[in-house]
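J.: Model the full assembly from the supplied sequences, consistent with the hints where possible.
Number of protein chains: 2
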Amino acid sequence: MENCKFGTHRVLEPKGVLPQPAWKIDNNPDIADNEILIDVMRLNIDSASFRQIVEEVGKDEEKIASKILEIVDKRGKMHNPVTGSGGMLIGTVEKIGKNLRQRDLKVGDKIATLVSLSLTPLKIEKINKVIIDQDQVEVEAKAVIFESGIYAKQPDDMSETLALSILDVAGAPAQAERLAKKGDVVLILGAGGKSGLLCAAAIKRKFGKDVKTIALVNSKRSLENVEKLGMADEIIQLDAKDAVSIYHEVYKLTDGKMADLVINCVNIPDTEMSSILSCKERGKVYFFSMATSFTKAALGAEGIGYDIEMLIGNGYCKNHADVALDIVREIPALKEIFQEKFSK
Amino acid sequence: MENCKFGTHRVLEPKGVLPQPAWKIDNNPDIADNEILIDVMRLNIDSASFRQIVEEVGKDEEKIASKILEIVDKRGKMHNPVTGSGGMLIGTVEKIGKNLRQRDLKVGDKIATLVSLSLTPLKIEKINKVIIDQDQVEVEAKAVIFESGIYAKQPDDMSETLALSILDVAGAPAQAERLAKKGDVVLILGAGGKSGLLCAAAIKRKFGKDVKTIALVNSKRSLENVEKLGMADEIIQLDAKDAVSIYHEVYKLTDGKMADLVINCVNIPDTEMSSILSCKERGKVYFFSMATSFTKAALGAEGIGYDIEMLIGNGYCKNHADVALDIVREIPALKEIFQEKFSK
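Chains A and B, in that order, are what the protein sequence lines are. Those letters in the first sequence? Residues 2 to 345, per the numbering used here, in order. Those letters in the second sequence? Residues 2 to 345, per the numbering used here, in order.
Warning: the hint list may mix true and false statements.
Copies of the same chain look alike in the list, so a pair counts if it fits in one copy or across any two.
Unchecked claim - Derived lysine to any residue pairs resembling SDA-like cross-links, with alpha carbons at most 20 Å apart:
no.	residue 1	residue 2
1	Lys297	Asn268
2	Lys195	Glu225
3	Lys182	Arg283
4	Lys281	Leu180
5	Lys6	Thr255
6	Lys16	Glu250
7	Lys258	Glu148
8	Lys25	Pro15
9	Lys6	Glu250
10	Lys107	Asp158
11	Lys6	Gly257
12	Lys297	Ile269
13	Lys319	Met259
14	Lys242	Glu14
15	Lys297	Asp271
16	Lys281	Arg179
17	Lys281	Ser149
18	Lys342	Ser220
19	Lys281	Val212
20	Lys242	Pro15
21	Lys96	Glu141
22	Lys6	Asn35
23	Lys6	Arg283
Keep in mind that the hints were calculated from the coordinates and are not lab data. Note that this is a predicted model, so its numbers are computed, not measured.
T.: Given below as structure tokens:
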């Protein structure tokens with residue numbers, strides 16, 4: 002299957018699967034007509050993957066570099082075989098396949114990939130520096146983006162670090178503003194973290210007073226972030242696992258009507274029931290948290306006879322990167338929080 | 002919290018959680034004003050739970066009965082501590098709390114619970130018979146249904162066994178006919194099993210030729226079931242894990258437009274990518290399969306930049322039991338398949 006838009010033509014083994022589940026892919030920098038070649042400057046290794054490597058070889062720049070070279074040499078991609086995860090990369094566009102030249106992209110543009118390194122063909126010539134505190138690696142390398150691959154142009158008006166910290170959770174705010182409707186009560190669990198703050202900001206930017214936002218936070222730091230952002234109409238400070246107490250708080254704040262939309266941005270397990278119980282009949286729960294258990298959500302709603310729609314948080318939606326970056330640009334308090342707390 | 006509609010007033014330990022995650026609940030048959038007392042005839046133990054008990058104590062009716070009595074005595078509910086699962090029960094309504102008397106239910110009605118035994122207060126007086134082949138237990142017992150609990154009246158026109166085999170997957174067809182729209186192409190993965198057949202039938206009953214159904218099956222038995230039902234416009238026989246081949250088949254059958262709605266009723270892992278790849282941009286994937294991995298779905302869609310809506314299969318939706326029973330009543334071929342293959 003030459004030139005498959007998902008990149009299956011580059012899968013070496015096992016045959017027939019997609020590049021992400023594949024063990025080894027072809028990292029040849031001669032691109033097909035529907036591929037893009039990137040001159041890579043920096044890898045942002047997934048934090049679980051980076052931590053595993055440090056644990057395995059020690060906090061030693063050279064040994065970490067060797068391990069990364071070894072993995073990429075074996076697999077044709079920076080796909081950690083232990084954690085299964087990848088990361089993202091930044092680089093400049095070196096070549097655009099002729100079938101993709103109608104895109105709003107030109108040679109020399111600086112871009113960040115929004116698909117995982119675990120599926121991105123990568124050939125490293127040299128590792129120049131390992132920045133241990135940031136899980137980042139400065140490299141001389143080439144990478145290939147498939148026709149189905151997604152990426153964002155590095156904005157001129159903010160630092161790479163800030164842009165990366167926003168793009169990391171870009172799926173959440175664009176989905177949030179798409180799911181909310183005028184008149185809704187929206188409950189955000191984990192409202193003080195990166196994705197939670199972006200969701201609150203996205204909804205308030207679009208709907209203002211036409212949507213009531215309730216922010217659920219637990220830590221003092223999260224509470225401070227939400228207060229500083231100033232886009233929550235109500236704040237509940239409770240453990241996100243305490244389903245019954247949260248239910249009663251939301252009940253009080255909504256005169257028993259409960260939330261039309263619940264957005265779960267928490268990163269701890271066992272918060273499914275809190276999300277479900279706070280939702281009204283035929284309302285929606287959007288699980289953006291990667292700690293969500295499919296069965297706990299499915300059986301939890303059934304167990305109390307709740308007819309609600311539960312959505313799996315898709316990390317991608319159309320224009321998600323632009324939406325996320327624009328929100329931070331337009332809201333100074335949000336930009337400040339991201340710069341102070343999430344981009345160091 | 003007296004008379005909580007979710008039954009938290011019956012939680013003994015740990016305090017503050019819901020009856021399902023609770024270790025022990027109060028099985029006192031003196032019901033509150035918003036509860037229903039059931040005179041239980043038969044427990045249908047969840048198959049994972051029943052198998053675990055048989056493995057632990059052997060295929061011995063008396064020992065199985067003792068084990069069940071021991072669990073219910075300890076926890077106040079038939080909530081297997083090893084598997085975490087429950088099952089359902091059949092019985093007759095003995096008493097209706099005064100706040101629930103406006104419901105369409107009267108003392109003496111025979112009902113099956115549609116919430117899990119893992120959250121249902123149960124007091125067993127005597128076990129009369131253990132029917133090992135059916136995972137069922139004939140009992141003299143009392144059970145309590147909470148205000149939020151759901152149940153279905155046993156239909157007069159079919160056997161208990163047939164009704165139970167339908168009610169077991171009742172969430173699927175009602176959701177399927179709600180999600181489909183006129184003009185849609187609907188792909189059903191695992192179309193030859195109970196829930197897959199019910200989904201195909203539900204959609205065809207409602208939309209007829211206005212929806213095109215594509216059935217994906219793997220085994221010969223499943224293929225036979227789908228052919229006998231006669232409600233698939235196209236049939237693909239492939240391993241549900243083979244994402245790329247399925248993509249190409251669906252591509253051919255839809256002239257590249259792909260499916261508007263994908264319903265995943267498969268009971269094996271690693272079918273997320275097959276579902277995602279077969280779906281069109283802004284289409285929907287409904288994961289009814291309990292083998293679905295939340296992260297594989299979320300990262301899988303992101304990895305190929307697919308802007309689709311992915312739904313967690315809720316075992317409950319309004320009128321789901323009536324919808325499922327009616328479909329089987331109205332479609333003789335479906336009733337025959339259920340009687341022959343699923344109710345033995």
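J.: Is the C-alpha distance from Lys6 to Asn35 at most 20 Å within one copy, between copies, in both cases, or in neither?
T.: within (7 Å within a copy, 57 Å between copies)
J.: Pop the pair Lys96 and Glu141 into one bin, within, between, both or neither, using alpha-carbon distances up to 20 Å.
T.: within (16 Å within a copy, 76 Å between copies)
J.: How would you label the pair Lys297, Asn268 (within, between, both, or neither) given a Cα cut-off of 20 Å?
T.: Intra 15 Å, inter 17 Å, cutoff 20 Å: intra and inter.
J.: Between the shortest in-copy and the shortest cross-copy C-alpha distance, which are at most 20 Å for Lys297 and Asp271: within, between, both, or neither?
T.: Close inside one copy (8 Å) and across copies (19 Å); limit 20 Å.
J.: 20 Å Cα cut-off: does Lys25 pair with Pro15 within a copy, between copies, both or neither?
T.: within (8 Å within a copy, 49 Å between copies)
J.: From the Cα coordinates, with 20 Å as the cut-off, is the pair Lys107 and Asp158 best called within, between, both, or neither?
T.: Close inside one copy (19 Å), not across copies (69 Å); limit 20 Å.
J.: For Lys281 and Leu180, with the copy left unspecified, which applies at a CA distance of at most 20 Å: within, between, both, or neither?
T.: Classified as both; 15 Å inside a copy, 19 Å across copies.
J.: Within a copy, between copies, both or neither: which one fits Lys342 and Ser220 at a CA-CA cutoff of 20 Å?
T.: Within one copy only: 14 Å inside, 54 Å across.
J.: Go through the copies and call it for Lys6 and Gly257: within, between, both or neither, with a Cα cutoff of 20 Å.
T.: For Lys6 and Gly257, the Cα distance is within 20 Å only across copies (13 Å; inside one copy 49 Å).
J.: Please work out whether the CA atoms of Lys16 and Glu250 approach to 20 Å or closer within one copy, between two copies, in both situations, or in neither?
T.: between (53 Å within a copy, 18 Å between copies)
J.: One pair to classify: Lys297 and Ile269, alpha carbons no more than 20 Å apart. Within, between, both, or neither?
T.: So Lys297 and Ile269 pass the 20 Å test inside a copy (14 Å) and across (18 Å) alike.
J.: Given a CA cutoff of 20 Å, do Lys281 and Arg179 count as a within-copy pair, a between-copy pair, both, or neither?
T.: Both: 19 Å inside a copy, 18 Å across copies.
Hint compliance for this structure: every hint is met.
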